[in-house]
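With the hints as constraints, model all of the structure from the sequences given.
Line order of the protein sequences matches chains A, B, C and D. For the first sequence, numbering that gives the first Met the number 0 assigns the number 0 to the initial residue and increments by one for each residue that follows. For the second sequence, numbering that gives the first Met the number 0 assigns the number 0 to the initial residue and increments by one for each residue that follows. For the third sequence, numbering that gives the first Met the number 0 assigns the number 0 to the initial residue and increments by one for each residue that follows. For the fourth sequence, numbering that gives the first Met the number 0 assigns the number 0 to the initial residue and increments by one for each residue that follows.
FYI, nobody ran anything at the bench for these hints, they're computed from the structure. Some clues are possibly wrong.
In this list, chains with the same sequence are indistinguishable; a pair is considered to hold if it fits within one copy or across any two.
Result set (BS3-like, lysine-lysine): computed pairs, CA atoms no more than 30 Å apart in a straight line [unchecked claim]:
id: 1; residue 1: Lys12; residue 2: Lys242
id: 2; residue 1: Lys242; residue 2: Lys86
id: 3; residue 1: Lys59; residue 2: Lys88
id: 4; residue 1: Lys276; residue 2: Lys242
id: 5; residue 1: Lys95; residue 2: Lys251
Number of protein chains: 4
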Amino acid sequence: MSRAIMLLHCPDKQGIITDITNFITVNKGNIVYLDQHVDYSEQIFFMRVEWELDEFLIPKNKLEEYFCTLYAQKYDMRFKIYFSDYKPKMAIFVSKMSHCLYDMLARYTAGEWNVEIPLIISNHPDMQHVAEMFGIPYYVFPITKENKAEQEAKEMALLQEYGVDFIVLARYMQVISPEMIEHYPNKIINIHHSFLPAFVGARPYQAAYDRGVKIIGATCHYVTNELDAGPIIEQDVCRITHKDTVTDLVDKGKDLEKIVLSRGVLNHIDRKVLVYKNKTVIFG
Amino acid sequence: MSRAIMLLHCPDKQGIITDITNFITVNKGNIVYLDQHVDYSEQIFFMRVEWELDEFLIPKNKLEEYFCTLYAQKYDMRFKIYFSDYKPKMAIFVSKMSHCLYDMLARYTAGEWNVEIPLIISNHPDMQHVAEMFGIPYYVFPITKENKAEQEAKEMALLQEYGVDFIVLARYMQVISPEMIEHYPNKIINIHHSFLPAFVGARPYQAAYDRGVKIIGATCHYVTNELDAGPIIEQDVCRITHKDTVTDLVDKGKDLEKIVLSRGVLNHIDRKVLVYKNKTVIFG
Amino acid sequence: MSRAIMLLHCPDKQGIITDITNFITVNKGNIVYLDQHVDYSEQIFFMRVEWELDEFLIPKNKLEEYFCTLYAQKYDMRFKIYFSDYKPKMAIFVSKMSHCLYDMLARYTAGEWNVEIPLIISNHPDMQHVAEMFGIPYYVFPITKENKAEQEAKEMALLQEYGVDFIVLARYMQVISPEMIEHYPNKIINIHHSFLPAFVGARPYQAAYDRGVKIIGATCHYVTNELDAGPIIEQDVCRITHKDTVTDLVDKGKDLEKIVLSRGVLNHIDRKVLVYKNKTVIFG
Amino acid sequence: MSRAIMLLHCPDKQGIITDITNFITVNKGNIVYLDQHVDYSEQIFFMRVEWELDEFLIPKNKLEEYFCTLYAQKYDMRFKIYFSDYKPKMAIFVSKMSHCLYDMLARYTAGEWNVEIPLIISNHPDMQHVAEMFGIPYYVFPITKENKAEQEAKEMALLQEYGVDFIVLARYMQVISPEMIEHYPNKIINIHHSFLPAFVGARPYQAAYDRGVKIIGATCHYVTNELDAGPIIEQDVCRITHKDTVTDLVDKGKDLEKIVLSRGVLNHIDRKVLVYKNKTVIFG
Numbered sequence: 000m001s002r003a004i005m006l007l008h009c010p011d012k013q014g015i016i017t018d019i020t021n022f023i024t025v026n027k028g029n030i031v032y033l034d035q036h037v038d039y040s041e042q043i044f045f046m047r048v049e050w051e052l053d054e055f056l057i058p059k060n061k062l063e064e065y066f067c068t069l070y071a072q073k074y075d076m077r078f079k080i081y082f083s084d085y086k087p088k089m090a091i092f093v094s095k096m097s098h099c100l101y102d103m104l105a106r107y108t109a110g111e112w113n114v115e116i117p118l119i120i121s122n123h124p125d126m127q128h129v130a131e132m133f134g135i136p137y138y139v140f141p142i143t144k145e146n147k148a149e150q151e152a153k154e155m156a157l158l159q160e161y162g163v164d165f166i167v168l169a170r171y172m173q174v175i176s177p178e179m180i181e182h183y184p185n186k187i188i189n190i191h192h193s194f195l196p197a198f199v200g201a202r203p204y205q206a207a208y209d210r211g212v213k214i215i216g217a218t219c220h221y222v223t224n225e226l227d228a229g230p231i232i233e234q235d236v237c238r239i240t241h242k243d244t245v246t247d248l249v250d251k252g253k254d255l256e257k258i259v260l261s262r263g264v265l266n267h268i269d270r271k272v273l274v275y276k277n278k279t280v281i282f283g
Numbered sequence: 000m001s002r003a004i005m006l007l008h009c010p011d012k013q014g015i016i017t018d019i020t021n022f023i024t025v026n027k028g029n030i031v032y033l034d035q036h037v038d039y040s041e042q043i044f045f046m047r048v049e050w051e052l053d054e055f056l057i058p059k060n061k062l063e064e065y066f067c068t069l070y071a072q073k074y075d076m077r078f079k080i081y082f083s084d085y086k087p088k089m090a091i092f093v094s095k096m097s098h099c100l101y102d103m104l105a106r107y108t109a110g111e112w113n114v115e116i117p118l119i120i121s122n123h124p125d126m127q128h129v130a131e132m133f134g135i136p137y138y139v140f141p142i143t144k145e146n147k148a149e150q151e152a153k154e155m156a157l158l159q160e161y162g163v164d165f166i167v168l169a170r171y172m173q174v175i176s177p178e179m180i181e182h183y184p185n186k187i188i189n190i191h192h193s194f195l196p197a198f199v200g201a202r203p204y205q206a207a208y209d210r211g212v213k214i215i216g217a218t219c220h221y222v223t224n225e226l227d228a229g230p231i232i233e234q235d236v237c238r239i240t241h242k243d244t245v246t247d248l249v250d251k252g253k254d255l256e257k258i259v260l261s262r263g264v265l266n267h268i269d270r271k272v273l274v275y276k277n278k279t280v281i282f283g
Numbered sequence: 000m001s002r003a004i005m006l007l008h009c010p011d012k013q014g015i016i017t018d019i020t021n022f023i024t025v026n027k028g029n030i031v032y033l034d035q036h037v038d039y040s041e042q043i044f045f046m047r048v049e050w051e052l053d054e055f056l057i058p059k060n061k062l063e064e065y066f067c068t069l070y071a072q073k074y075d076m077r078f079k080i081y082f083s084d085y086k087p088k089m090a091i092f093v094s095k096m097s098h099c100l101y102d103m104l105a106r107y108t109a110g111e112w113n114v115e116i117p118l119i120i121s122n123h124p125d126m127q128h129v130a131e132m133f134g135i136p137y138y139v140f141p142i143t144k145e146n147k148a149e150q151e152a153k154e155m156a157l158l159q160e161y162g163v164d165f166i167v168l169a170r171y172m173q174v175i176s177p178e179m180i181e182h183y184p185n186k187i188i189n190i191h192h193s194f195l196p197a198f199v200g201a202r203p204y205q206a207a208y209d210r211g212v213k214i215i216g217a218t219c220h221y222v223t224n225e226l227d228a229g230p231i232i233e234q235d236v237c238r239i240t241h242k243d244t245v246t247d248l249v250d251k252g253k254d255l256e257k258i259v260l261s262r263g264v265l266n267h268i269d270r271k272v273l274v275y276k277n278k279t280v281i282f283g
Numbered sequence: 000m001s002r003a004i005m006l007l008h009c010p011d012k013q014g015i016i017t018d019i020t021n022f023i024t025v026n027k028g029n030i031v032y033l034d035q036h037v038d039y040s041e042q043i044f045f046m047r048v049e050w051e052l053d054e055f056l057i058p059k060n061k062l063e064e065y066f067c068t069l070y071a072q073k074y075d076m077r078f079k080i081y082f083s084d085y086k087p088k089m090a091i092f093v094s095k096m097s098h099c100l101y102d103m104l105a106r107y108t109a110g111e112w113n114v115e116i117p118l119i120i121s122n123h124p125d126m127q128h129v130a131e132m133f134g135i136p137y138y139v140f141p142i143t144k145e146n147k148a149e150q151e152a153k154e155m156a157l158l159q160e161y162g163v164d165f166i167v168l169a170r171y172m173q174v175i176s177p178e179m180i181e182h183y184p185n186k187i188i189n190i191h192h193s194f195l196p197a198f199v200g201a202r203p204y205q206a207a208y209d210r211g212v213k214i215i216g217a218t219c220h221y222v223t224n225e226l227d228a229g230p231i232i233e234q235d236v237c238r239i240t241h242k243d244t245v246t247d248l249v250d251k252g253k254d255l256e257k258i259v260l261s262r263g264v265l266n267h268i269d270r271k272v273l274v275y276k277n278k279t280v281i282f283g
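Below you can see the structure in the form of structure tokens.
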């Protein structure tokens with residue numbers, strides 16, 4: 000059964016929920032999910048609503064226009080509407096490590112995710128055999144300081160060709176340039192191997208070891224121009240002890256990274272993430 | 000600023016949210032919290048809504064009647080309305096252990112909880128000095144098989160005298176009789192020192208040790224006639240190892256018990272718990 | 000550099016550590032790991048010690064005999080000696096679900112585990128394509144009440160042919176018969192999809208949902224004749240809420256299951272697990 | 000039964016464990032705890048050993064001298080010997096918040112800790128009533144920029160008068176001066192209300208809120224001259240969501256802070272913490 004999912008935010012006012020639920024109900028949509036959140040410090044209202052389209056009177060291709068005219072202007076809303084019968088297209092960027100890649104491809108192949116993965120891009124050939132195992136085209140774009148702009152341009156052409164909606168950096172060890180980020184605003188998902196904002200940048204496990212922390216973490220976030228400082232989607236941690244070497248941290252961290260990344264990606268796929276001012280609202 | 004809090008559930012139908020938010024908004028209530036949940040396996044709609052009463056047109060003492068007439072009958076609802084300016088009265092039952100008692104009294108004395116604790120009841124004199132430190136009347140009712148009915152009758156008389164709304168069993172080592180439970184349906188909160196439904200009954204830490212589990216837990220639940228089988232409000236766990244003796248489990252468990260109990264009690268005080276068919280909906 | 004790993008236990012007495020460390024040091028072994036544990040309730044001493052063999056004076060094939068003669072008899076010890084340069088052979092048993100299988104094969108293929116996986120056995124053909132992706136022989140033995148003894152006999156013949164040291168049940172939905180368990184004592188590792196001893200047996204997620212728990216878990220344990228009651232190697236949990244359906248529990252549980260199983264298997268591979276009286280000592 | 004506890008570290012060499020266990024066993028000490036750790040990156044050996052003194056041949060007041068002469072010089076060791084029948088004296092420093100204070104005093108009064116708390120020091124009079132409830136002397140030293148050196152000198156005189164062994168800062172909102180830290184090296188325990196090294200300094204909950212993290216933490220560490228950068232003893236975390244305001248973080252953080260602080264203090268009291276180069280080894 001096809002559903003519409005709407006994510007919106009606007010200045011908080013009385014009557015918004017009433018208006019929106021009225022709009023859906025009157026037009027014979029059956030609400031199957033509704034959650035709202037008010038950020039009182041910013042006076043902003045957030046909402047995620049999902050309804051069945053079977054008897055819905057407004058055609059899918061008119062929905063955005065109608066809603067915009069009737070309510071979005073009135074409440075100064077920003078909103079997005081998604082349909083459950085569209086499978087978003089996701090590209091994976093990877094370097095040399097396989098754990099996040101395997102984890103996502105296993106979920107994908109098992110049919111757990113409502114997504115299509117038309118291609119994998121890498122700066123190294125190392126993961127080609129994994130891509131082949133799962134039958135997904137694998138493109139290699141080696142990156143140097145000199146060719147970075149050029150290579151990213153080719154990557155973007157390829158992404159456009161494949162109709163890619165969002166990108167997942169599965170331990171991709173290259174900084175994405177502002178040009179590319181601009182093309183995919185809050186659509187590039189990264190996994191950072193630390194409990195951000197601790198240990199930004201390179202070699203966070205070594206840094207965690209040196210600092211002597213008792214817990215390590217991983218952070219899934221959208222990529223912005225400031226390194227490791229974009230909106231956080233998901234985090235998790237695990238305990239370590241003085242017995243753990245840097246290698247142990249790397250090994251334990253792999254499990255964290257892949258689980259945290261996959262949780263974050265699933266929330267993105269399921270349209271449960273709303274970004275506002277470098278923070279996320281994650282609807283449950 | 001005074002607020003009304005309504006918890007309700009009813010068979011799921013279209014238009015409920017619209018009707019209720021309309022009802023509040025039209026009568027000049029400002030909604031500050033709304034969360035809903037649909038249990039699709041049972042086809043039941045659950046809702047918690049909170050609104051400011053300053054300009055609300057319906058007087059507090061008429062609210063229940065109006066809502067009942069206008070909506071509850073229409074939707075076959077069960078609902079409860081609470082007002083934020085009423086401080087519920089909570090009795091603590093305790094036996095010989097102090098950790099949960101101290102933890103709750105410290106929060107209470109520091110003003111963290113919107114509650115009044117007019118008395119503490121025990122089957123032993125051991126915790127009298129703690130009650131005295133915090134200036135709270137302490138009543139001892141020693142319980143034997145023979146006098147149990149009689150003593151509980153006296154306790155209930157005392158609870159009524161003090162206008163007690165709900166009871167917290169802070170490691171109270173007596174089974175509550177069906178008569179008393181009937182007087183306080185989903186109003187007696189217990190902490191059980193295991194991860195229920197594992198290790199029901201007496202000596203759960205010994206049982207956990209004997210089974211060789213790697214994680215222990217604590218469970219806060221409402222008391223029903225079946226032992227340790229009432230609706231679960233909150234649970235938490237902590238890791239243990241083969242190095243931990245039964246005494247270590249008891250010590251680590253104390254921290255779990257007091258935190259889990261206090262979280263559960265706070266959810267109850269804040270009217271965030273809705274019980275349906277031996278399970279709870281906990282609004283966030 | 001080759002190492003010896005010894006796991007032992009015996010009645011607790013003075014001088015054991017001294018004797019053993021003396022034995023190793025005098026014979027020019029360099030101790031790189033030593034951990035001991037005393038269970039005071041049972042008065043049993045447990046130890047794991049690991050040493051480099053480069054200059055060790057006793058040949059590998061004489062080590063067991065020498066240690067037995069010199070110390071094991073004296074202290075009434077049970078001990079096992081393993082060598083780091085032997086790769087244990089592990090068989091995977093699987094039914095229809097892929098998540099644990101993928102997770103282990105990804106680690107294996109990436110070279111994370113010091114193990115060999117010569118074959119996968121199943122009662123269904125469903126996972127054949129996964130085995131093929133990773134280039135591992137896959138054998139199907141459909142099991143019915145009538146043919147169970149016969150099929151298990153064939154499986155055991157195959158396991159012997161491949162020189163299998165231990166078996167991992169990766170959500171294998173068949174009860175292993177006592178005959179097979181007897182051949183692999185504490186060498187069959189299972190993942191149960193609940194926080195044991197809660198929800199033993201079939202459909203634990205449905206049972207967890209029905210009970211209304213706030214946390215679900217997974218348990219990795221050795222298989223014994225009593226269902227889901229063998230020595231626990233590893234457990235972990237994750238939070239759920241009233242919003243989670245049984246399907247959600249199954250999905251969240253998959254991540255738990257695969258991580259908990261892989262952690263347990265890794266501990267087994269690394270010779271960190273010592274079983275005593277249906278409980279495990281896990282050396283860190 | 001009286002026990003000796005020895006914590007030591009030295010450059011890693013063969014034979015240390017043998018020598019030390021020999022020393023204890025030969026002199027009729029019964030080892031009841033032994034754990035060792037080798038930091039291979041630093042080539043340092045760490046050990047904690049605990050033995051019963053009943054039949055031990057070396058008198059307590061000669062033990063340090065004998066061990067130093069016989070072994071510490073040989074191995075270039077740093078070591079400390081403690082006796083279980085000495086109750087260390089602990090001072091609490093507090094400002095205006097009660098949660099950590101109550102938590103520690105409740106454990107202390109219940110006899111959970113092998114410690115004496117002879118006094119509480121504060122820069123504010125606010126917690127006087129709590130100290131009085133528990134019958135512990137409370138001294139107020141208001142601190143300004145101008146009088147800080149003078150007031151700390153008075154505090155140190157008082158600490159010496161009471162024979163204080165170590166200090167716990169229970170949300171004490173003053174930076175300790177280098178002079179005082181020098182007098183109590185690795186003997187001043189602080190609780191910082193963030194997951195260090197994230198959010199060093201003032202207002203960490205506001206900073207965590209602004210950054211949009213999904214998990215908050217608390218860190219118990221020894222105080223050094225660099226702010227919030229001393230050796231970490233214990234950390235823990237809890238999940239938050241976009242629904243949590245800064246006030247919610249403060250409230251949830253209180254539970255974290257008190258549990259993490261109390262765990263860290265207990266490890267210190269039980270002589271389980273060994274500091275080496277701004278990191279801790281925590282023996283289990």
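Structure versus earlier hints, numbers of those that do not hold, lowest first: Per hint list: zero violations.
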